[in-house]
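Peer 1: Listed below, chain by chain, are the residues.
Protein chains: 2
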Amino acid sequence: MTEVKSDIEIARAAKKKPILEIGAKLDIPPEHLLPYGHDKAKISAAFIAQQREKKDGKLILVTAINPTPAGEGKTTTTVGLGDGLNRIGKKAIVCIREASLGPCFGVKGGAAGGGYAQVVPMEDMNLHFTGDFHAITSAHNLLAALIDNHIYWGNEQNIDTRRVAWRRVMDMNDRALREIVCSLGGVANGYPREAGFDITVASEVMAILCLANDLRDLEKRLGNIIIGYRRDKTPVFARDIKADGAMTVLLKDAMQPNLVQTLENNPAFVHGGPFANIAHGCNSVVATKTALKLADYVVTEAGFGADLGAEKFFDIKCRKAGLKPDAAVIVATARAMKMNGGVKKEDLGREDVEAVHKGCANLGRHVQNVKKFGVPVVVAINHFVTDTDREIRAIKEYVATLGAEAVLCKHWAQGSAGIEELSRKVVELAESGHSQFAPLYPDDMSLFHKIETIAKDIYHAGEVIADKSVRDQLHAWEAQGYGHLPICMAKTQYSFSTDPNLRGAPEGHTVPIREVRLSAGAGFIVVITGEIMTMPGLPKVPSSEKIFLNEMGQIEGLF
Amino acid sequence: MTEVKSDIEIARAAKKKPILEIGAKLDIPPEHLLPYGHDKAKISAAFIAQQREKKDGKLILVTAINPTPAGEGKTTTTVGLGDGLNRIGKKAIVCIREASLGPCFGVKGGAAGGGYAQVVPMEDMNLHFTGDFHAITSAHNLLAALIDNHIYWGNEQNIDTRRVAWRRVMDMNDRALREIVCSLGGVANGYPREAGFDITVASEVMAILCLANDLRDLEKRLGNIIIGYRRDKTPVFARDIKADGAMTVLLKDAMQPNLVQTLENNPAFVHGGPFANIAHGCNSVVATKTALKLADYVVTEAGFGADLGAEKFFDIKCRKAGLKPDAAVIVATARAMKMNGGVKKEDLGREDVEAVHKGCANLGRHVQNVKKFGVPVVVAINHFVTDTDREIRAIKEYVATLGAEAVLCKHWAQGSAGIEELSRKVVELAESGHSQFAPLYPDDMSLFHKIETIAKDIYHAGEVIADKSVRDQLHAWEAQGYGHLPICMAKTQYSFSTDPNLRGAPEGHTVPIREVRLSAGAGFIVVITGEIMTMPGLPKVPSSEKIFLNEMGQIEGLF
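Same order as they appear, the protein sequences are chains F and Z. For the first sequence, our numbering assigns the number 1 to the initial residue and increments by one for each residue that follows. For the second sequence, our numbering assigns the number 1 to the initial residue and increments by one for each residue that follows.
It should be emphasised that the hints constitute simulated quantities derived from the structure, not laboratory data. Hints may be right or wrong, so weigh each one.
Copies of the same chain are indistinguishable here, so a pair counts whether it falls within one copy or spans any two.
Here are the simulated lysine-lysine pairs, BS3-like style, with alpha carbons at most 27 Å apart [claimed, not checked]:
id, residue 1, residue 2
1, Lys108, Lys220
2, Lys324, Lys425
3, Lys15, Lys5
4, Lys546, Lys220
5, Lys55, Lys293
6, Lys540, Lys252
7, Lys468, Lys108
8, Lys252, Lys546
9, Lys371, Lys456
10, Lys233, Lys371
11, Lys91, Lys233
12, Lys293, Lys540
13, Lys242, Lys540
14, Lys372, Lys546
15, Lys252, Lys108
16, Lys540, Lys233
17, Lys546, Lys242
18, Lys293, Lys425
19, Lys252, Lys371
Remember, predicted model here, so these are calculated numbers, not experimental data.
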């Protein structure tokens, strides 16, 4: 390569194929592809239902070390590996999450991958895409409107207006909506009460859409949402105010996975995008399951590092959807190893083998954790131009001591040609039949014990502490029949501990539980261990100021 | 017909053609049709730009008497006339507004037309359709977030937080959001202030999208939006906080008109849907102008009765877009004439020629009003099964005394076969070259005089009254350079007067102005003469309770 092009330049130069051709590669007949423009399509629910009896392909999870400011390139590696598998003759589909529109106007919008390992059309995927998030916003806010309307007209369900548990959502970074008082203005507008908005990706409807198996399951889960509590503390459900049917209607199209393509014209499913803290942070079950019916290999990723993302992928998504991953890829970089080894961001350009070696403790912990789920692991070293041979060798040697292999990958610069070795290794692991996947804890373990198991086995914490009120709440849910639910940990993504500044592989720390929340529709208990922001704000100079259509009608400033 | 089928039964039985085939009828090449599923498509901006030099077809406005609970069937007649013109060998396109999603969950959703004169796909058009309204919601709320963010970070523009003029919007009937206090919760969330939400169709962004000629014009108008005032009362514009570029990016796709089809597989453009009270109530200028380039005849409609809808269509849309309508159809029914003549709804089934004759005064006033704009008029009597020959004859004889013709139309029951006579009459009027269209008042008339002109010439009011504060405000806008703008009247649609119970053709009444608002981006002055609700509520038993997906995956309860 003579010059380095930006992601957007590469994306714009992509030779996209008509989406019907991409679908044809997967034997999806044109009548079952619902196009959105010429480069996006939804796969019809009818076609998905027809695939039920087919054999599943192999499922590969791409996860990572704890994120650092150096960047790891998890999505880039996911996309690259998908292209790499196709290159070596496997029919492979990439499954990733949809992007949220709101944050694009605060800081730069997120690309789907980077360099020569990207999914396109990039602009659409950062904006309205196929409207899924708008549909989720509508369904969520319909329920909110129905709750206040129910109260307005007499409150037959006796909802305690101090205990309405359902906020509203908007796909926008708008701090002014975090805490509001609604229903002001007198008799015609209702009973004033405290309320607020979250960003759409934090909606329980988002988590539900991503975990539901089909429209019937979706409707049932929507009905199970707890919208608030009566004065006697008994929960009121969405089904009690007959909201589930109409919400399902609003989500009918959004439930169908979206098909797009990589720069190398291989199929990618981009569907769903739940938060990775208060929710499980994976793309939809429907997309993953459909992809498994249509391909030999499905490459998917989970949010944040493996301590949060892979754990939730295994313990929530795979457990509930009956998925059995065949191999896992843990993405690391020499730069991130150096940061974990104590090097500052401005010094990352200098070789520092000692720091790499020291920082490898973080990687090692993730490798061992993922193995606890019975899934074979390979480490992908996502290559940066400043990496030295000695640094790469240090990582490889370290990983070898763990009984695993680390493979250098150059997909960012070279596309699939740069990731053949990893692709072959992934095939070898997946075909070996060595995967003995099992979740970390059984369904019938007590809720607090589940939390302790995650904290001790995955985070290597010494203890979990929680006020009596938290423990009482967990017991109360067990008594109400929610004890079988898995745990969804909301913890900082930057450390194994609850202290974001504690890099490497800390041990014996304390995990304090601030709050627990029941997502009865999604089907998990959220355990909050720190500050969780569910409605971001905009910076002093939001990126929106630089976003515009240029003379050619192209979007500038979004990337 | 042996049995009467419901609108939804007829719509579901429709033999839709692939949308590419419908586009081909208009010589739109497939690469310029951006499909949304197989039965909806957007027409690319690039294709639209290529049509600039082409000759325009004839423009036909369908308007109506003041609406009554009996129903008039304006959209049904618009669709029927489009089919009728195609039937008699003219290439015709129907241009109508998009439906709002929110109200569908309160009362039954609106069909686009009725009987055998409908536009399909009905379900999609009542729900997310092609996402235009969601895009408008996003663009509107991005501006709102940017305003509060601007204030939060130091308020460089010195916006008086008591005078923020930009509310938020949601496409939902949610009375709890009408009046709120936002930015509560302390330092991190901003400066608490009173705020609120309107329904999306009431957004000025909606009006702007419908009046803009292209994306450049759109961006300019968005920049002209007044977001609030400083303590010295000077206006702060959206461009002052650099919001216009990003808002335009969000609206890029929404600016492209949507192509769907009638039950008879004729093309229909469904695009935009501004309120007909605080806005002008017509489909988009882009859709109408594009249709004129592609067809011999374009049939479009305006909101409410001719006193509001036609007047705004002529004085706002046609004036600003340089459109010259060739003929107008005024829709009336024998039942509505009887209601105007004093008959109660429960007695409408009985013949009452006297009441029909008495009620014709309302129709007559509208016929004479439309003629004032220099546009030739024909009356369409939309046939109901209970109509008697004597009643129909009474209407025809009355209209003849006005120098016009009334034609009986049976498109509801028979489709295009039932509306051939009207179609031929419309062609005769349009081809006659008799249209001498001119707006009611010149641009350079004073604002108050414009209001008086509409009130006296169209409403036949005796006087317009307004507080000194209102008159002062109008003068202030004139001094600021807004004196050339047209007036957008917000008045009850049920009467020529401001009293909704005053049917027929009242004269000499008083029009009191409660409030005036400047829509500087859309480019009109809103004059409010009564209670205007910009955020509806839900009824005690919202229709959402009966909306669900049936076993076949079809939507029940929406219609």
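Peer 1: So, for every hint listed, does it hold in this structure?
Peer 2: Now the hints, each set against the structure:
1. Lys108 x Lys220: Cα proximity of Lys108 and Lys220: across copies only (24 Å, versus 37 Å in one copy).
2. Lys324 x Lys425: Close inside one copy (19 Å), not across copies (70 Å); limit 27 Å.
3. Lys15 x Lys5: within (16 Å within a copy, 50 Å between copies)
4. Lys546 x Lys220: For Lys546 and Lys220, only the inter-copy Cα distance (16 Å) is at most 27 Å; the intra-copy one is 44 Å.
5. Lys55 x Lys293: within (6 Å within a copy, 53 Å between copies)
6. Lys540 x Lys252: Close across copies (26 Å), not inside one copy (38 Å); limit 27 Å.
7. Lys468 x Lys108: Neither: 43 Å inside a chain and 49 Å across chains, both beyond 27 Å.
8. Lys252 x Lys546: Between copies only: 16 Å across, 36 Å inside.
9. Lys371 x Lys456: The answer is within: 15 Å in one copy meets 27 Å, while 83 Å across copies does not.
10. Lys233 x Lys371: Classified as neither: same-chain Cα gap 42 Å, cross-chain 66 Å, threshold 27 Å.
11. Lys91 x Lys233: neither (52 Å within a copy, 65 Å between copies)
12. Lys293 x Lys540: neither (47 Å within a copy, 46 Å between copies)
13. Lys242 x Lys540: between (43 Å within a copy, 13 Å between copies)
14. Lys372 x Lys546: neither (47 Å within a copy, 48 Å between copies)
15. Lys252 x Lys108: between (31 Å within a copy, 19 Å between copies)
16. Lys540 x Lys233: For Lys540 and Lys233, the Cα distance is within 27 Å only across copies (25 Å; inside one copy 42 Å).
17. Lys546 x Lys242: For Lys546 and Lys242, the Cα distance is within 27 Å only across copies (8 Å; inside one copy 44 Å).
18. Lys293 x Lys425: within (22 Å within a copy, 59 Å between copies)
19. Lys252 x Lys371: Answer is neither; intra-copy 38 Å and inter-copy 48 Å both fail.
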